[in-house]
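Colleague: These are the residues of each chain, in order.
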Amino acid sequence: MIYLDNAATSFPKPPAVAESIVDFLEHSAGNPGRSGHALAIAAQAVVAATRSQLAALFGVPDPARIVFALNATDALNTALWGLLRPGDRVVTTSIEHNAVARPLHAMAERGIEVTRVACAADGTLNLDDLDRALRSGPVRLVAMCHASNVCGTILPVREAAQRAHEHGALFLLDAAQTAGVLLIDVIEMGIDLLAFPGHKALLGPTGTGGLYVGPSVRLTPMRQGGTGTRSAEEQQPDELPEALEAGTPNTVGIAGLGAALGYLQQRGQPAIRAHEVALTTRLIDGLMDIPGLRIHGTGDPARQVATVSVSLEGWEPVDVAAALDSSFGIAVRSGLHCAPLAHRTLGTFPRGTVRLSPGCFTTDDDVDQALAALRKLARTAA
Amino acid sequence: MKRREQATSEAAERDRYSRQSRFWAIGPAGQERLRAGRVLVIGCGALGSVAVNLLARAGVGQITVVDRDFVELSNLQRQLLFDEADAAAGTPKAIAAARAVARINSEVEVRPFVADVTPINVEQFVARADVVLDGTDNFETRYLVNDACVKLGIPWVYGGAIGSTGMSMTIVPGETACFRCLFPTPPPVGAMETCDTAGVLAASVVTVAAIECAEVMKLLVGDRTSLSRGLTAFDVWTNDHLQADGKLRDPDCPCCGQRRFEYLDALVTSRTASLCGRDAVQVSPGQPLKLDLADLVRKLEATGPVTSNDYLVRCLVDRHEITIFADGRAIIKGTTDLAVARSLYARYVGT
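Chains as they are written, first to last, in our numbering: chain X, 1 to 382; chain A, 1 to 351.
Derived from the structure by calculation, the hints contain no laboratory data.
Do not take every clue at face value.
[To be verified] Lysine to any residue pairs mimicking SDA-like chemistry, simulated, CA-CA at most 25 angstroms apart:
#1 A:Lys290 <-> X:Gly292
#2 A:Lys333 <-> X:Lys13
#3 A:Lys333 <-> X:Leu39
#4 X:Lys376 <-> A:Val306
#5 X:Lys376 <-> A:Asp310
#6 X:Lys13 <-> X:Ala38
#7 A:Lys333 <-> A:Ala302
#8 X:Lys376 <-> A:Ala302
#9 X:Lys376 <-> A:Thr336
[Claimed, not checked] Here are some of the chain A residues that sit facing chain X, going by a computed Cβ distance under 8 angstroms:
#10 Asp235
#11 Val236
#12 Asn239
#13 Asp240
#14 Ile331
#15 Gly334
The model shown is predicted, which means the values in this text are computed figures rather than measured ones.
The beta carbon of each residue, even a glycine, is placed where N, CA and C say it ideally should be.
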């Protein structure tokens, strides 16, 4: 099988991920921070080490400001519900994933004003449009993705964060498609809240992810419960990470994520980005030669991550994906990619697109085979 | 007064079932056993609706009907419990069956379930039955029912009809061969004709359902020595009739021999997935396979317009567009209901 669905979740994982999970379950699977015995301490050490690795990856000085979450969606909900109150205004974009769009929709019904800045049909964001939205009234938060999960277009994070701060707003970044592949430095880029999944480009198992909470942000916990600290008090503790980590964490997954981060560090994020830019270039160059095939997005590998959305004339995206899988063993994702807003922006709603997303283990040959298969389909009327 | 009412109702009951209880193998005691009996009818299409009709008239006390489909006009030719009003309203078959039985015999309790029988719910249904009657239209569900019945030790009666032919077999776990002893592996997906592709005569359906009901009645009244042994098969058009000897149990049978319930454990059943953002469901076969698309085109051409290319075959069935791919998966557009998609897959691709 050729796996081109890394935007959904990365596959395969580095072998060390499964090994560390097995090792953790066999030797360290106590409840971290809850007891003084050897297993609890071993688990605590694994959780702390992974937290430190994440902090180092994102340029976070204090690892305690990284809280673990189930995935990016969970982290985004913790951030949005924990921060925004009725009367607040949030500015966002028109290419967001439902992980941002749906919480904001729910909050709009509870008295939070949502201003959505329209992106262009290639997914790019015009900073003047953002400025206009920011100037139209007080803003509590700017929330946007780092790169579109549909067409891969990278948004100008630094500039957007700077503008948010100029208007007294905080900046929340959804790094679902970028964490692990694009360099992210929360301080240098001005990120106040960073939501990231562990199971995509960070190469960890599903059920992992996290949220960075900047020093100028105070989130009200959505969940209260055991933290292993201040147990005598009924009130949820204020300290991070405990305040936002009620309940036993996914230690098994976190152990796997730690191993994945080790692999990332060893191979080097810039090397992975370079590999993916090369694959994207090869893919886009090949796609451009296929008659009847349309690429959505910028078509510029330097301005996007390795997520490429296409339409094929005469074919429904859902049938292209099924034909690629059934006749060629190529796994891609078709449809709306949980981002109907983005597809409206790209003009591909409601049929959606076919999304090909190579990853750090994809080879040139994988890309060539996908191109050959698409060429065959393009020659065949559906 | 009270005693007199009771006496009157008993007399009425005697009258209602008089011709049946006068039959030597039933008698008043047998009739009472039928009244206390609980039958599960899985699938209420042609076989199921005829069976429910007969069982209700026979005075079986409780009939549970599970079916995922809705009545359509093309059903009325053979599904004797339903009428034009049901088809016009698109009433769920289980509900239409319950309403019809209420008019036929109000003493019978019908428990209708509009549901797909799946590895998750089949045991709950089977566990509450004395006998299970097969009214399904696909092999996959039969293997599942066989797994559940063998596991729980509940007898079931297999029945199937297509064209002018019919088949039936009574399976008593621990005594007779089970369905999987007889058919160790399912026919390849897409290889078998279905009633929707090859057609079916009401006469063959009604004959099979009648045989199934007679077997159910034998089981309920406790006359096991009279049960049909082995496979009964016939063709009402060519007048062939076959009564295969009772096949011995296969000690290596994965189901009743080794008690590995692969269908119940959902190891080999087809899988459904709704497709993100589309009014469509994907149904995949449980095992990897390679379909002969050209053969499938020939089969489906009887049902209506079919288009195809090297990678897919597409047909239109009412509001649904079914696209079948080389590995046996199908994308069914026009529904988000997994049960509807499974049903269409069973009817047009065949499981």
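Colleague: None of the hints should be skipped; say for each whether it holds.
Modeller: Evaluated hints:
| no. | hint | in the structure |
| --- | --- | --- |
| 1 | A:Lys290 <-> X:Gly292 | 29 angstroms, violated |
| 2 | A:Lys333 <-> X:Lys13 | 34 angstroms, violated |
| 3 | A:Lys333 <-> X:Leu39 | 52 angstroms, violated |
| 4 | X:Lys376 <-> A:Val306 | 21 angstroms, holds |
| 5 | X:Lys376 <-> A:Asp310 | 10 angstroms, holds |
| 6 | X:Lys13 <-> X:Ala38 | 29 angstroms, violated |
| 7 | A:Lys333 <-> A:Ala302 | 20 angstroms, holds |
| 8 | X:Lys376 <-> A:Ala302 | 29 angstroms, violated |
| 9 | X:Lys376 <-> A:Thr336 | 30 angstroms, violated |
| 10 | Asp235 | 37 angstroms, violated |
| 11 | Val236 | 39 angstroms, violated |
| 12 | Asn239 | 43 angstroms, violated |
| 13 | Asp240 | 39 angstroms, violated |
| 14 | Ile331 | 6 angstroms, holds |
| 15 | Gly334 | 12 angstroms, violated |
The structure is inconsistent with the numbered hints 1, 2, 3, 6, 8, 9, 10, 11, 12, 13 and 15, although it conforms to all the rest.
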